[in-house]
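Chain B: place on chain A using the hints.
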Amino acid sequence: MVGKNTDRARGGTSEASSPDDRYRTLSGILVDRVYGDGPLPGEFPYTRGVHADMYRSRLWTMRMFAGFGTATDTNARFRELLAAGGTGLSTAFDMPTLMGRDSDHDWALGEVGRAGVAVDTVEDMVDLYAGIDLGTVSTSMTINGPASILLAMYVVVAEEGGVIRGDLSGTLQNDILKEYQAQKEYVFPPRPSVRLVTDVMAFTAAEMPRWNPVSISGYHIREAGSTAAQELAFTLANGFAYVEAAVAAGMDVDDFAPRLSFFFNSHNDFFEEVGKFRAARRLWARWMRDRYGANDERSLKLRFHTQTAGVSLTAHQPEVNIARVAIQALAGVLGGTQSLHTDSYDEALALPSEDAVRVALRTQQVIAHETGVVNTADPLGGSAYVEWMTDEMERRAEEVFAHLEGLGDGSLLEGVYAGIDSGWFVGEIADAAYRYEREVNAGERIVVGVNAFTEGDDPERRRLLRIGQDTEDLQRKRLATVRQDRDDAAVAATLARVATDAAQPTVNLMPALVDAVRARATVGEVVDTLEAEFGTYVERAVV
Amino acid sequence: MNETPLRVVLAKLGLDGHDRGLKVVARMLRDGGMEVVYLGLRQTTDTIIDAVEQEDADVVGISMLNAGHLTLGPRMVEALADAGLDVPVVIGGIVPDEDRPAMAAAGVAGVLGPGASADEVVACVRAAADTRS
Chain A
1 MVGKNTDRAR GGTSEASSPD DRYRTLSGIL VDRVYGDGPL PGEFPYTRGV HADMYRSRLW
61 TMRMFAGFGT ATDTNARFRE LLAAGGTGLS TAFDMPTLMG RDSDHDWALG EVGRAGVAVD
121 TVEDMVDLYA GIDLGTVSTS MTINGPASIL LAMYVVVAEE GGVIRGDLSG TLQNDILKEY
181 QAQKEYVFPP RPSVRLVTDV MAFTAAEMPR WNPVSISGYH IREAGSTAAQ ELAFTLANGF
241 AYVEAAVAAG MDVDDFAPRL SFFFNSHNDF FEEVGKFRAA RRLWARWMRD RYGANDERSL
301 KLRFHTQTAG VSLTAHQPEV NIARVAIQAL AGVLGGTQSL HTDSYDEALA LPSEDAVRVA
361 LRTQQVIAHE TGVVNTADPL GGSAYVEWMT DEMERRAEEV FAHLEGLGDG SLLEGVYAGI
421 DSGWFVGEIA DAAYRYEREV NAGERIVVGV NAFTEGDDPE RRRLLRIGQD TEDLQRKRLA
481 TVRQDRDDAA VAATLARVAT DAAQPTVNLM PALVDAVRAR ATVGEVVDTL EAEFGTYVER
541 AVV
Chain B
1 MNETPLRVVL AKLGLDGHDR GLKVVARMLR DGGMEVVYLG LRQTTDTIID AVEQEDADVV
61 GISMLNAGHL TLGPRMVEAL ADAGLDVPVV IGGIVPDEDR PAMAAAGVAG VLGPGASADE
121 VVACVRAAAD TRS
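If you read the protein sequences in the order shown, they are chains A and B. Residues 1 to 543 in the working numbering are what the first sequence lists, from first letter to last. Residues 1 to 133 in the working numbering are what the second sequence lists, from first letter to last.
For reference, chain A alone in the conformation it holds in the complex:
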């Protein structure tokens, strides 16, 4: 098929070159699977996509992020999403869980189940995925500091339910470096935290071949205020840092790189976003092959999840957010994403309501099934503007890589550590965030409904999701029950082994973590044990 450009030049109507009759425009014109000259989608350096057929062979996974209240509350939302046509699950944990603190910890007051689901022990995880076949549904868990502990819990839940760990498929965010740069949900200092990341990588490579152990995330960097180019550069630099850390830990690059995945933001500037996604694939492919010596083609292919930009959503005239989300989602699809979360229009007001979540999912379904953009791979490829933007994003990212290599004496990993220690990343991000706010304030940038076209805002029509104090009380009772019913001696013994293994940097911590959570040790107890060995990270407060 490749190379029949004469047919394509006439509009791709040749019946012979594209026998699949399903791919016709609304007017009945037959569409080819790809247009233009090579390298084509599926060919190095994958600028145009990681699969030759892109969405013809498989649509992106419509993976909606959800989590609130108790595990039972979130389980109900999961089932609704699957029933409504969602094809994967994505779990949002509450702030105490993300920070590795139990629901009965002092710091948890007022935060239990508010911005995600509360998980203290394996028992919560059992309820969270009740009635969902973990052997067939892929699950994403958005957690970083305590990611290894939550993965251990997932393994235990599956095995107690009769599903072996090797059959589990899903993604653990487990990207701690961007926490120091942007989202700030860290517990331990960077170096022992990266050891936990590489322990998970080694464990899943050996025992969970269908699991993605790290989702290297630009999303939070962008939400914290970075530009698109910074998001691209910092994220890929973090990716290279994990590669260097895993290789230093004794792994072969082709043993783990095929399971690395990425997570990007899709913001309002349409072509900048598309260029960013395309540049990401090209950069990764080239660096993995040329710098890190990867040979497996899968190690070179950057696969990514996209979420629309929460920070772009407005509290004013929130219905307008539906339009923003649709355009951002389209940029993700035209950029070649493998999975997508569309934000709910009420997110600048409160946690997303069920109705708003449904609209967001339907937005993806409109793009997939009504617009025809899935019929041909990388339809924007060859556009002079898109190709220029892709090159420009790549050039700007390379500048950042060079800066970090300088900081790290040739090592990206050391460069990233240095940029964290010196506050370089947070400073760059805060500068960009303030520049944007000043532009909006000065009216140099229009935000529809906020600094222009402001009439028509109607606060009365809003129905918001509320999480009450009763959730916190209920969760604390559940935790007390687990603490009462478990074998305390077994918990103590397994935690002692966690401490011993933590003190040995060359020992993989995952088996000890699995044993501890199986004995019903809590997230907070395991984190406390690790913290005693690893220490606590405190960020310097810099504006």
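To be clear, the hints were calculated from the coordinates, so they are not data collected in a lab. The C-beta atom is built at its ideal place from N, Cα and C for all residues, glycine as well. Each hint should be verified, as a subset may be incorrect.
[Said to hold, decoys possible] Covered stretches of chain B, as calculated for chain A (at least 3 residues, CB under 8 Å):
id, segment
1, 19-28
2, 68-76
3, 105-117
[As the list claims (entries may be wrong)] Distance ranges between label pairs, derived from CB positions:
id, chain 1, residue 1, chain 2, residue 2, range
4, A, 58, B, 33, 55 to 61 Å
5, A, 366, B, 31, 38 to 44 Å
6, A, 487, B, 50, 40 to 46 Å
7, A, 443, B, 84, 40 to 46 Å
8, A, 506, B, 120, 51 to 57 Å
9, A, 414, B, 130, 50 to 56 Å
10, B, 54, A, 44, 57 to 63 Å
11, A, 410, B, 31, 38 to 44 Å
12, B, 119, A, 384, 39 to 45 Å
13, B, 120, A, 85, 39 to 45 Å
[Stated by the list, open to error] Calculated cross-link-like contacts (lysine to any residue; reagent style SDA-like; alpha-carbon spacing at most 25 Å):
id, chain 1, residue 1, chain 2, residue 2
14, A, 477, A, 465
15, A, 477, A, 130
16, A, 477, A, 77
17, A, 477, A, 126
18, A, 477, A, 489
19, A, 477, B, 71
20, A, 477, B, 70
21, A, 477, A, 527
22, A, 477, B, 75
Below, chain B alone, put in the same frame as chain A:
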């Protein structure tokens, strides 16, 4: 203006780490002629009160994007009162409009939401400072 600039303590109270908004507010207040004492992440009512006493602050600004405002907002106000400090509290973050009466009833002097302009931020903090007895 010759008057002493207002001194504002800014902090993230609780576990939430989303600090983009608070950092932008810090710079807005600075550009608006105020002195900002930025405490950063994971502060408690105790650490904030220590800073208020040491820095002789006029206003406390706390930020949260995780729906913790109903619990943590009133707690901050009470803690300041218990410490005998007449220092008003401004909350920034995702605070639904319908929670504003409850915030006001609990003694929170001002609420700033997404999209607040620099002028609104500065005016809100000034108005809060003017509520001191």
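We went through each hint and held it up to the structure:
1. Note: the segment 19-28 of chain B has 7 residues with beta-carbon separation from chain A under 8 Å; the three-residue rule is met and the coverage holds.
2. Coverage of a stretch by a chain is defined here by at least three residues with a beta carbon nearer than 8 Å to that chain's beta carbons; for the segment 68-76 of chain B and chain A the count is 5, and the condition holds.
3. Taking a C-beta to C-beta cut-off of 8 Å, the segment 105-117 of chain B contributes 4 residues in contact with chain A, enough for the three needed, and the coverage statement holds.
4. A hinted range of 55 to 61 Å holds for the C-beta pair residue 58 of chain A and residue 33 of chain B, which are about 57 Å apart.
5. Judged by the Cβ atoms, the range 38 to 44 Å given for residue 366 of chain A and residue 31 of chain B holds: they are separated by roughly 43 Å.
6. Checked against the hint of 40 to 46 Å, the C-beta distance between residue 487 of chain A and residue 50 of chain B comes to roughly 42 Å, which is consistent with it.
7. For the pair residue 443 of chain A and residue 84 of chain B, the beta carbons lie near 44 Å from each other, so the given range of 40 to 46 Å is met.
8. Judged by the Cβ atoms, the range 51 to 57 Å given for residue 506 of chain A and residue 120 of chain B holds: they are separated by roughly 55 Å.
9. A hinted range of 50 to 56 Å for the beta carbons of residue 414 of chain A and residue 130 of chain B is consistent with their spacing of about 51 Å.
10. Take residue 54 of chain B and residue 44 of chain A: their Cβ atoms lie about 59 Å apart, and the range 57 to 63 Å holds.
11. Our hint of 38 to 44 Å for residue 410 of chain A and residue 31 of chain B holds, since their Cβ atoms are close to 40 Å apart.
12. Taking 39 to 45 Å as the suggested C-beta distance range, the pair residue 119 of chain B and residue 384 of chain A conforms, at roughly 42 Å.
13. Evaluation of the 39 to 45 Å hint for residue 120 of chain B and residue 85 of chain A yields a pass: the beta carbon distance comes to about 41 Å.
14. With a C-alpha separation of about 23 Å, the suggested pairing of residue 477 of chain A with residue 465 of chain A holds against the 25 Å cut-off.
15. For the hint linking residue 477 of chain A to residue 130 of chain A, the alpha-carbon distance of about 20 Å falls within 25 Å, and the restraint holds.
16. In summary, the hint linking residue 477 of chain A to residue 77 of chain A is supported, as the alpha carbons are separated by about 22 Å, within the 25 Å threshold.
17. Under the criterion of a C-alpha separation no larger than 25 Å, the hint pairing residue 477 of chain A with residue 126 of chain A is consistent with the structure, at around 16 Å.
18. Restraint check for residue 477 of chain A and residue 489 of chain A: satisfied, since their Cα atoms lie roughly 22 Å apart, inside the 25 Å limit.
19. With a CA separation close to 19 Å, the supplied pair residue 477 of chain A and residue 71 of chain B stays within the 25 Å bound.
20. At most 25 Å may separate the alpha-carbon atoms for a hinted pair to count; residue 477 of chain A and residue 70 of chain B meet this at roughly 21 Å.
21. For the hint pairing residue 477 of chain A with residue 527 of chain A, the CA-to-CA distance comes to about 21 Å; that is within 25 Å, so the pair holds.
22. Simply put, residue 477 of chain A and residue 75 of chain B have alpha-carbon atoms about 23 Å apart, close enough for the 25 Å limit, and the pair holds.
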